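Those sequence lines, one after another, are chains A and B.
Quick note on numbering: the first sequence equals residues 2 to 288 in this note's numbering.
Quick note on numbering: the second sequence equals residues 305 to 472 in this note's numbering.
Hints listed in this document are in silico derivations from the structure and should not be mistaken for laboratory results.
Please read all numbers here as calculations on a predicted model, not as lab measurements.
Beta carbons: idealized from backbone N, C-alpha and C, even for Gly.
Any given hint might turn out to be false.
To be verified - Not everything, but these chain A residues come out facing chain B in the computed CB check (under 10 Å): (1) Thr3; (2) Lys62; (3) Pro65; (4) Tyr152; (5) Arg173.
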Amino acid sequence: MTLKLGRHEFADDATLMMAIVNRTPDSFYDKGATWAEDKAFERVTHVVAQGAEIVDIGGIKAAPGVEIGAAEEKARVVDFVARVREAHPGLVISVDTWRAEVGQAVCEAGADVLNDAWGGADPELADVAASYDAAIICTHTGGVTPRTRPYRIEYDDVVAAAIADTVAYAERAVAAGVDPRSAVIDPAHDFGKNTFHSLELTRRLDEMVATGWPVLVSLSNKDFVGESLDLPVGERLTGTLAATAVCALAGARIYRVHEVVETRQVVDMVNTIAGRRLPARAIRGLQ
Amino acid sequence: MPGVLALLPEYAGLSDPVADLRAACVKAVAWLEGSVEIVADAQGRRVAEHLLAAVGSSGPVIRPAEATPDRARDLIVVANGSATRTEKAPGHLDERAAAFDEELGRHLREGDSESLRAIDVALADELWATVRPLVELGAVGDLGAGETVYDDDPFGVQYWVMRWRCES
Numbered sequence: 002m003t004l005k006l007g008r009h010e011f012a013d014d015a016t017l018m019m020a021i022v023n024r025t026p027d028s029f030y031d032k033g034a035t036w037a038e039d040k041a042f043e044r045v046t047h048v049v050a051q052g053a054e055i056v057d058i059g060g061i062k063a064a065p066g067v068e069i070g071a072a073e074e075k076a077r078v079v080d081f082v083a084r085v086r087e088a089h090p091g092l093v094i095s096v097d098t099w100r101a102e103v104g105q106a107v108c109e110a111g112a113d114v115l116n117d118a119w120g121g122a123d124p125e126l127a128d129v130a131a132s133y134d135a136a137i138i139c140t141h142t143g144g145v146t147p148r149t150r151p152y153r154i155e156y157d158d159v160v161a162a163a164i165a166d167t168v169a170y171a172e173r174a175v176a177a178g179v180d181p182r183s184a185v186i187d188p189a190h191d192f193g194k195n196t197f198h199s200l201e202l203t204r205r206l207d208e209m210v211a212t213g214w215p216v217l218v219s220l221s222n223k224d225f226v227g228e229s230l231d232l233p234v235g236e237r238l239t240g241t242l243a244a245t246a247v248c249a250l251a252g253a254r255i256y257r258v259h260e261v262v263e264t265r266q267v268v269d270m271v272n273t274i275a276g277r278r279l280p281a282r283a284i285r286g287l288q
Numbered sequence: 305m306p307g308v309l310a311l312l313p314e315y316a317g318l319s320d321p322v323a324d325l326r327a328a329c330v331k332a333v334a335w336l337e338g339s340v341e342i343v344a345d346a347q348g349r350r351v352a353e354h355l356l357a358a359v360g361s362s363g364p365v366i367r368p369a370e371a372t373p374d375r376a377r378d379l380i381v382v383a384n385g386s387a388t389r390t391e392k393a394p395g396h397l398d399e400r401a402a403a404f405d406e407e408l409g410r411h412l413r414e415g416d417s418e419s420l421r422a423i424d425v426a427l428a429d430e431l432w433a434t435v436r437p438l439v440e441l442g443a444v445g446d447l448g449a450g451e452t453v454y455d456d457d458p459f460g461v462q463y464w465v466m467r468w469r470c471e472s
């Protein structure tokens, strides 16, 4: 069905690139590259030029560390959202937060999507999305506390668990008033999961797609890629793109990425192979 | 010994990130003869059973319900210290972890049963340490000094592999 992300609507078959723009000094991949606001703003301009339909702005790194309270989180993202909103009216602005208080402030400033990476840790976030007619990304984390690492977590069936939790979250959001076209599910690779779990979710992503809810995947440079190939953070693009291709074949709609151009090419190529997208321009042998 | 899931075959990779620990566990388990009782939570039990199978243990594994005080048997106690020893540890860094593990390690090496029975379980939970089986170990009788086969924290989690030969 049509995907409605705040002010913006997308057709049934559209796949979207969600470019990560972190407003943190210490996220695992960009390591503070966009901590200075002007650097972050440049990155937004850059990814928009590369074709990203969405930017995902986050104020707190996912890993454990110094506690960042709501006030500091807002200081990092709210004004920036307003600035991006004004400069890029056609851009979908997503904010990566689990807090309803932050969600409220960024929606006031013009955000279209609330990306809840921590699986509903603050149940009021869905109400905020509903009241601002914003979209919400519903993740599976196995119930872990925000910013904790998985420790000996096991599932009888990680895919069944991810589907159950994300669909329940999406249904709760719709019941709270979120537009049914505005709830997205995300298995959240590596969140509350080990490498085997993330691999299995990738392998069986078609089951998540079959629920009918649009699926977002966030694979970029993650540890399940690093552990599979024995490669450090800076060398995981190829592995990430391989996982991306598998998710694309399964029918994922939104891809949360550090590298827009490469991911867009992989997703388009896979969808063309699958017959869901026409080749851009075909004349060879057809003249 | 610690209930490390990476020791299980279902979590095997091309290389073994816990090779040294595995060797120490296999060495320790291989000493056991006859009937074995496992003192562990559900995950720890699976690790112990896998290691017993790995050494080709011939003795029966006694379920807790079958154990009686007068039936001689060996024990495998599956436990570990805190998982909050470093910034990269699963539970991140808790400043209290080092002292907690140092003290617990000492009680184990000394076979101090009374101190094991009195472990601060609430603090252990906050430090992500698996200690309830050690409290049970403290109740089995005279432990005597323990022999350390392995004592390390390669992933920010305190692992010990130790053995005691008890008279009672």
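Structure-based check of all given hints:
| no. | hint | verdict |
| --- | --- | --- |
| 1 | Thr3 | violated, 42 Å |
| 2 | Lys62 | violated, 12 Å |
| 3 | Pro65 | holds, 4 Å |
| 4 | Tyr152 | holds, 4 Å |
| 5 | Arg173 | violated, 29 Å |
Of the numbered hints given earlier, the model fails hints 1, 2, 5; all others are met.
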